[in-house]
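K.L.:
What follows is the residue order along each chain.
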Amino acid sequence: MKSSPYSRDGMKTPTVMRWVLAALLPGYLTQIYFFGWGYGVSMLLLLLTAVLVEAGVLAIRKRPVLETLKDSSALVTAALLAIALPPFLPWWMYVMAGSVAVLFGKQLYGGLGFNPFNPAMIAYALLLVSYPVAMSTSWALPLGLAEPADILTASRIIFLGDPLVQLDALSGATPLDTYKSLAGVELSDGIWQKPIFGEHVALGWEWVAMAFGVGGGLLLLKRIITWHIPVCVILGLSVMAMLFGWDPDRSVPIHLHWLGGSLIVGAFFIATDPVSAPTTTLGKCWFGIGIGVLVYVIRAWGNYPDAVAFAVLLMNFTAPLLDQITQPKTFGHQKPNRTLIKVQVK
Amino acid sequence: MTQRHIELHQFPGGICPPTQKALSTSRPIAYPPLAKQLILPIQQHTGMPGRVLVKVGEQVKKGQMLVDAQLPMSVAVHASTSGIITAIDEHWVPHPSGMKDMCIFLEPDGLDESVEYQGYENYLETNPTKLLECIRASGISGLGGAGFPTDIKLKASKIETLIINGAECEPYISADDMLMRERSEDILQGILILLKLTKADVCLVGIEDDKPQAIFAMKQALEKDKDDDTHRVNIVEVPTRYPSGGEKQLIKILTGKEVPSGKLPASIGVLCQNVGTAYAVHQAVALGRPLVSRITTLAGGALSTPMNLEVPLGTPIGHLLEYTGLHQEQLEQLIIGGPLMGFPVKTTSIPITKISNCILATKQGELSTPEQARPCIRCGYCTDVCPAQLLPQQLYWFSTAQEWQKAESHNLFDCIECGACAYVCPSEIPLVQYYRFAKGEIRQDRAATEKSDRARERFEFRNQRIEREKVARAARRQARANTDTKVLSEKPHAKPMDKQPLRSAGAIGDVESESIQSLLVDEAALEAINKKIRMMEDRVGKARERYEMALSDGLDTASALKRALDKQETKLTTLLSERERMMSHSDPAEGKET
Amino acid sequence: MGKCRVSNNSEPLKIMWNGVWGSNPALVQLLGLCPLLAVTSTVVNALGLGMATLCVLVGSNAAVSLIRNWVQPAIRLPAFVMIIASLVTSVELLMQAYTYDLYLVLGIFIPLIVTNCAILGRAEAYASKNPFFMSILDGFMMGVGFLLVLLVLGAVRELIGQGTLFTDMHLLFGEEAKSWRWEVVPDYPPFLFAILPPGAFVVMGLLIALKNVIDSSLKAKQASNAAPSGSKRVRVTGPVT
Ligand code: SF4
Ligand code: SF4
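Chains as they are written, first to last, in this note's numbering: chain A, 9 to 354; chain B, 504 to 1097; chain C, 26 to 266.
Source of the hints: derived by calculation from the structure; they are not laboratory data. No residue lacks a Cβ here, since even glycine has one placed at the ideal position from N, Cα and C. A couple of the hints might just be wrong.
Said to hold, decoys possible - Derived, one-sided and incomplete: chain C residues facing chain A with beta-carbon distance under 10 Å:
(1) Leu55
(2) Cys59
(3) Ala202
(4) Pro214
(5) Pro215
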């Protein structure tokens, strides 16, 4: 017999996941508009891989396959990967990323809800560590600098690594990377003249970031996420950028940090992955700030083109601890219980 | 009107489920016909059961006391109508665990003949002790849900604020709402009595703002009866938000104070009573009527005429369902209480008691029935709504991992089991179920350690006593031996016998120590067997609990558990009989003591 | 090992089983992980370090067993460490003399063999209580167990990391071994992750998992036969339930 409560709210886990997918759409479509169908092909590949691998693992683990697939969490992971990865990687890298995310990032820990790290970011970090060159040069050039690849061209590049396609004409480094490598060499006015930055901040990238921001707003409206993590991520990064990167001649200026990379999608969609983030309000704030600070640190003083993945993974480590030391004050108590648990030795 | 402005506060968390109250409030309170049989549980409150005053076959009148309230924490029970006591036996009672308890079975004779009621006409001038006595004798315990004996609650000293809980926040339930609409003047009088008894400075009546008619009725009653006392009474609209009707939550809303964890509201000078209780107090004090009926909401989609009924206590719910037109074929779930905190009904012969505020008969699809629970995704929605500011997902984690210590250190015992967390959980995890289980386990552990501590203490104490006695005996012996030698030395002619008495003294000592020895062996064996029995009892208790839990959850392990239980029980009986045998051998007084 | 004259015939078998599988120093006892993870990026590195460890293990077990009755218990650990350290120094010098390139590659990890708990552990747990030949056998089998794990790890990581097997074998076997290099996957894009230390952790974890899977299926199979249980050592790894 079931016990109380007998009444439930409408939003179920699969629904939550589908809303996340829906909220990714505006940004994703903008991405395709500016950067071409590379993103389309990679998305397809990743979705397929993730679902197949998840189904396979579930079958091996003797779990209900269809029931569990319905929670759509594998789709979210795959979609995040497709959005975060460069669009012109060889196909097997996408397959590898999808499998690693689902298998090593999630299922090996026991499936949805048990993974201490963000599965998509595990796969991303793995690729970044293993194939640094491909990961920093396979970015598509935005509309305006190159003709966005159509499906055929994109598939050729991805599946055949086709020498006929002039890949160099289509791809390049990210604006963040470009600025970083030029800062200190040229003055900021000179750097801004480069075509990749376009008229405003970063050609194409800026619109994509803003579209993802709109999607994030949707999640906020639907109360699927709370504002704490995204706001704190951006805050953390901004404070760091103001403290250390105030000189545009030497370091990447703050608005390029905001709009030139994957910060916005990271803040709203990746860092807010509930499973691997803290659950207390205060914990979320610290978590967000930590990510923001780390993103700046890695972007400014590290060697990797973007830093969201590493920052998120590093902060994932701290989530259980943050949960422990940021417990809210229980109703009727004088002060919150924030000590680490003392293990009683019997 | 001289309404004082009351600043409202907010309690943390909370949810806003659809209230579903309109259906049952569209009709006035009705009086169902008498059932063929009334079943009155001897204990309907939190505390101790009283002494049964009647015998099987006895003819009783309505309002006659069946169970007295002589013991502390006990509450009287009265006959809800006239008739004959047909049995005093175990029966299912409304309790979350679905347990059986002693009940008095009353067969109504249909005359509804009552004893003569004698109230205090001038109750506001009467001696408070007398009023309290009257409340106690009328069998009033909290009608809101917890069922705490009202007179005991009222004895708390230094009350500054009396809070009357008319929030009634749980969906479907409208018993208090209807009571306030129809009998506001009586309630007000009840409130005045409570005010007098508690000597509180102000009284705040908290009513959720989705009950405008109740608020209006209460305000009107107040308007009509303007004097110094009623000046202190304030009707306060509180926002509709579950669980604003929780005692601690309502206190927070109205006063901004938080009841310290593990303490009673009285510790911060607040006393909280339900409107139904206030009404019952008025009935008892002014009219002398004991608590023999209450307002119960019958609601849910499977009923053709959902409404509120004034039900004689002890009426089986089946009778009421029939009266309100239950569509058996549509019925999905039968719940006692509301959809968030209620519990399932085992059989429709379960009686209405003093705390039954609602019977919910839902039709298919009316309440979402969760299918398979999915894994917790740590979304934290539960954290956001928890009125106790707990971390439900952590508690859930600790409960499943059976990490009781951590659960306790995360303040599991501050959970009021309101169900808000489970209500919003997107993975449809029956969180409250886990908390109840964890709490039960922890309580049991605590009881077990306490028991063993006590047993150890007793054992040590006894050892000390034996030691003391030994020493005392040895001293006595020594003294006797000394006198013996002295006597002997005084009698030089008895030289050849010199050693004799000494040896005999020694012999006496030996005999004595031997008897102590045997006593010790006996007692040790007895103690050992007692220990075993205690352990066995523990085990039987645990096994039974597990079995019952499995049974109520419909698990198929139940039969296996049942077998295990039987085995344990046989072991226990063997042990008991063994002890019996041993005790008959040893000194009965000694046996009794251990 | 027929020379061992012991009353209990199953003892040598048990030692072999324990060394290679039952209480394998790397997979079950999780000892000596530091060199294990650091140098197993290729087969040749694994082989070199494995052999060195094996030699030291056999030598130290032999020596400890010989002196076991003459050393005061209070100072036995320093004595063992001295023995191991001198053996390691000898091995290091030998490698410097004969496989200089490999010596350079393995670097600090050769002297670090001294601190390999597997060696001290065997000296303390087995050799200090057992006769000479049995101790040698135990040291040898433990060394083989360690070496095998290193080899598997090295092979897997080399294969995944650079798509080859037996690269650079000349470091150990002389110039003609250069041709042993086997390009399993032609044109393999190097997978840095497998070559870097984190990759070693992951592969190691998978190996342990694999061993546990095999063990539990073996157990299930042999449950009825009441087969001799593998080890008496405390297992520090096991299925997480
Ligand atoms: S609401 Fe449910 S799924 Fe979300 S954190 Fe709480 S228990 Fe987990
Ligand atoms: S049932 Fe307990 S944990 Fe859940 S919301 Fe209510 S008080 Fe919080």
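K.L.:
Determine for every hint whether it applies to the structure shown.
P.N.:
Checked hints:
1. Leu55: Violated: closest Cβ of chain A sits about 19 Å from C/Leu55, beyond 10 Å.
2. Cys59: violated, 21 Å
3. Ala202: Cβ of C/Ala202 sits 29 Å from chain A, so the hint is violated.
4. Pro214: holds, 7 Å
5. Pro215: holds, 8 Å
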